[in-house]
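Undergrad: Keeping their order, the protein sequence lines are chains A and B. So in my numbering, spot 115 of the first sequence is number 115, and the numbers just go up one at a time. My numbering runs 1000 ahead of the 1-based position in the second sequence.
Here are a few chain B residues that face chain A, going by a calculated C-beta distance under 8 Å: (1) 1049; (2) 1158; (3) 1194; (4) 1200; (5) 1204.
Below, in silico cross-link-like pairs of lysine to any residue (SDA-like), each with a Cα-Cα straight-line distance of 20 Å or less: (6) 1202(B) x 41(A); (7) 1202(B) x 117(A); (8) 1202(B) x 127(A); (9) 101(A) x 1049(B); (10) 29(A) x 1168(B); (11) 29(A) x 1158(B); (12) 1202(B) x 115(A); (13) 20(A) x 1049(B); (14) 1211(B) x 38(A); (15) 101(A) x 1047(B); (16) 1202(B) x 38(A); (17) 29(A) x 1188(B); (18) 1202(B) x 124(A); (19) 1202(B) x 107(A); (20) 1202(B) x 39(A); (21) 1202(B) x 102(A); (22) 1211(B) x 40(A); (23) 1146(B) x 1220(B); (24) 101(A) x 1202(B); (25) 29(A) x 1165(B); (26) 1202(B) x 65(A); (27) 1101(B) x 1091(B); (28) 20(A) x 1091(B); (29) 1211(B) x 33(A); (30) 1012(B) x 117(A).
Rather than coming from a laboratory, the hints here were simulated on the basis of the structure. Backbone N, C-alpha and C define an ideal beta-carbon position, used for all residues, glycine too.
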Amino acid sequence: MIEFSGKELQQAVEELSGQKVFACYHCGKCTAGCPFASEMDLTPRQVLEYIMDGRAEVLDSQTIWLCAACFTCTVRCPNGIDIAKVMEALRQILLRRGSDKFDLSELSEQERGELPQIALVAGARKLIG
Amino acid sequence: MRILYYPGCSLKTQAAGFDRSARAAMAALGVELVELERWNCCGTISSLTTDDLMRQLAPIRNLIRVQEAGEERLTTACAMCYNTLKRAGLRVQEHPEELAKINAFLDEEPDYRGGVRVLHLLELLRDELGFEAVAKRVARPLLGLKVAPYYGCLLLRPRGVGLDDPENPSILEELVRALGAEPVDSPLKTQCCGSYHTATHKEVVAKRAHKILSDAAIRGAEIVISSCPLCSFNLDNRQRLVQETYDGFAPLPVLYFTELMALAFGLEEASSSLEQHYIDPRPLLLEHQLLRT
Chain A
1 MIEFSGKELQ QAVEELSGQK VFACYHCGKC TAGCPFASEM DLTPRQVLEY
51 IMDGRAEVLD SQTIWLCAAC FTCTVRCPNG IDIAKVMEAL RQILLRRGSD
101 KFDLSELSEQ ERGELPQIAL VAGARKLIG
Chain B
1001 MRILYYPGCS LKTQAAGFDR SARAAMAALG VELVELERWN CCGTISSLTT
1051 DDLMRQLAPI RNLIRVQEAG EERLTTACAM CYNTLKRAGL RVQEHPEELA
1101 KINAFLDEEP DYRGGVRVLH LLELLRDELG FEAVAKRVAR PLLGLKVAPY
1151 YGCLLLRPRG VGLDDPENPS ILEELVRALG AEPVDSPLKT QCCGSYHTAT
1201 HKEVVAKRAH KILSDAAIRG AEIVISSCPL CSFNLDNRQR LVQETYDGFA
1251 PLPVLYFTEL MALAFGLEEA SSSLEQHYID PRPLLLEHQL LRT
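Based on the sequences and whatever the hints tell you, model everything.
TA: In structure tokens:
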């Protein structure tokens, strides 16, 4: 696990995402519109809250891996926070330290054959560092 | 009209019918899609961090190819290619310092000067040809066919990149009407299909597909149209898993919007790719007398 102080986490996220997470006023529109919210351990709004509170355990959340960057939260945030970029920043913090989430060699030959290449490349880009 | 066209990887392989029907339908409207020379991967999906210039090289290189061809516009049919190419172009337009870095790195290429417009075929239909011209070309109106447009994410979002209102788009409905069919509106038409999770979490995708397709079916849809090979795979091929997982689910065929156009224009290309879909749309089309037996 990465040792991060709350401040370091906030700085890393703001730098990588280019977003001001403290602009969030917790209206929850991001969560309300997220098609994956029901599968998530932290809702998108909670992810923002954890970052604001400096709680680095947000990096253990499954939420950041379930986000598929569909940009629904991004277009709905009343404060203009591009939440998809915040999620990407959290993924990248982990991926750049070697915790890949996708192993192409685990796919069966049949799966490799039938999956569209854009699924494989997009998955690799989002889930491999 | 001749216009540069970027097919992308999927339209050359799994979604070959999308490519074939796009070329044929546009040709029927007097538009020749001229394939971009030496195109490479569009980048597939936009990387979203501030320091990911390396991942902008592939899309920018394609825009350099457009510039080399002496053109200012590039069309695509695939929603993912459209989004990734357009987004990269807009990004370097807004950040000249990033463009300078990319140009310096791509030292074997001429500098990208900016200004190439990336257009989706749907925009070309709406903004330049007009849906009236589309309606005039219809040889076999798709009367009585109930079609649910599925937009997904990348045709619409983020704002400024998408080609229509991100919350309430209508461009596909307009096309469906122009072809003589009846559009069926579903509030889930803009909700994500699960995208690349299909490679790692197919049960998540099956859940999405089940929800999206069931809602369209409840509202009377007989068929769904899409403009993305990944959405199509998730909504069409994943129906095998949807059927295994959810009792009582009735399959729904998924076509590319260009296939629907080719069908309404009475083009041979319309029927050549129909059998490649997982859920065979031919029985439904025969029932509506939209296919020659």
